[in-house]
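Engineer: Sequence:
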Amino acid sequence: MEVVAVIDFETTGLSPAQGDRATEVAAVIVEGGRVVDRYQSLMNAGVRIPAYIEALTGISNAMIRSAPPADAVMREVSDFVGGIPIVAHNASFDARFWDAELEHIQRERKQDFVCSLLLSRRLLPLAPSHKLGALVEYAKLPVAGRYHRALADAEMAASLLLRLEEELRLRHRVPEVSVDLLRRIQRASKAQLPRCLAAARGG
DNA sequence: TGCCAGGCCCTCTTTAGGGCCTT
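First residue of the first sequence: 29, per this note's numbering; consecutive thereafter.
It cannot be assumed that every hint is accurate.
[To be verified] Derived DEER-like restraints, expressed as beta-carbon distance ranges:
no. : residue 1 : residue 2 : range
1   : P96       : G161      : 20 to 30 Å
2   : R103      : A162      : 30 to 40 Å
3   : M91       : Q134      : 25 to 35 Å
4   : R197      : A83       : 33 to 43 Å
5   : A226      : E194      : 12 to 22 Å
6   : A83       : R199      : 35 to 45 Å
7   : L221      : A83       : 35 to 45 Å
8   : M91       : E59       : 29 to 39 Å
9   : N89       : S217      : 38 to 48 Å
10  : G230      : D127      : 31 to 41 Å
11  : R174      : G110      : 27 to 37 Å
[Unchecked claim] Here are the simulated EDC-like pairs of lysine to aspartate or glutamate, each with C-alpha atoms no more than 20 Å apart in a straight line:
no. : residue 1 : residue 2
12  : K138      : E30
13  : K138      : D99
14  : K168      : E193
15  : K218      : E195
Hints were generated in silico from the structure; no laboratory data involved.
Glycine is no exception: its CB is placed at the ideal position from the N, C-alpha and C atoms.
Using the sequences and the hints given, assemble the complete structure.
Structural biologist: This is the structure in structure tokens:
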């Protein structure tokens, strides 16, 4: 598989359209079946974190007060990721924040997102839940740290991505897994999936 | 004042509703 960046945001809520902002971002570069580089930073966007989200993530308002400005962090992380494909767990969420935070620094996204949640629903249909934590447990992946911290979640989503690649190679006998194949799989309906995989096998 | 996300997916569906995910 080509080089990809797996990213994760912690935020003040669910919707940038409602004024929510990022509080932490992490990106890990996956190449040759392993994580080869990492970026992580808290970020101060000047928006108060609700108490229940402080409890969820462990990221407090005090921690954010001493964090670097959100704009500076977004310049760094978007330079770090560059134009390579981005993977995230429930990518529609992270893509909305990625786009909204880039807009604050007058930048635009250069690539599409791949969603490990949609891929897991296709490729690990028997998992009792497709939450990141539940998939880590189901697939017996290493717990990389505290859930709901950006770097730990990005590392675990990267492990999940590699597990999905392995599933395609070993169970579905796909000789070469590409980002384009992942995009086709996440777009495919359950009924279309067998044909999609057969085409990827070369038959 | 009242409201408050959005996309995917399933089904007792398509003239719709509700659960799952992300924080």
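Engineer: So, for every hint listed, does it hold in this structure?
Structural biologist: Do the hints match the structure? See the list:
Our hint of 20 to 30 Å for P96 and G161 holds, since their Cβ atoms are close to 28 Å apart. Checked against the hint of 30 to 40 Å, the pair R103 and A162 passes, with Cβ atoms roughly 35 Å apart. For M91 paired with Q134, a C-beta distance near 27 Å keeps the hint of 25 to 35 Å intact. Range check, R197 to A83: Cβ separation about 40 Å, and the 33 to 43 Å hint holds.
Separation of A226 from E194 is about 19 Å and conforms to the stated range, judged on CB atoms against 12 to 22 Å. Hint check: A83 to R199, Cβ distance near 39 Å, so the stated range 35 to 45 Å holds. A C-beta distance of roughly 39 Å is found between L221 and A83, which places it inside the suggested range of 35 to 45 Å. Our hint of 29 to 39 Å for M91 and E59 holds, since their Cβ atoms are close to 31 Å apart.
The hinted window of 38 to 48 Å between N89 and S217 holds, with their beta carbons roughly 44 Å apart. Evaluation of the 31 to 41 Å hint for G230 and D127 yields a pass: the beta carbon distance comes to about 36 Å. Between R174 and G110 the CB atoms are about 28 Å apart, so this pair conforms to the stated range of 27 to 37 Å. At roughly 16 Å between alpha-carbon atoms, K138 and E30 fall within 20 Å of each other, so this suggested pair holds.
Using a Cα cut-off of 20 Å, the hinted pair K138 and D99 holds, with the two alpha carbons roughly 18 Å apart. A distance of roughly 15 Å separates the Cα atoms of K168 and E193; the hinted pair therefore holds under the 20 Å criterion. The straight-line distance between the Cα atoms of K218 and E195 is roughly 17 Å, inside the 20 Å bound, and the hint therefore holds.
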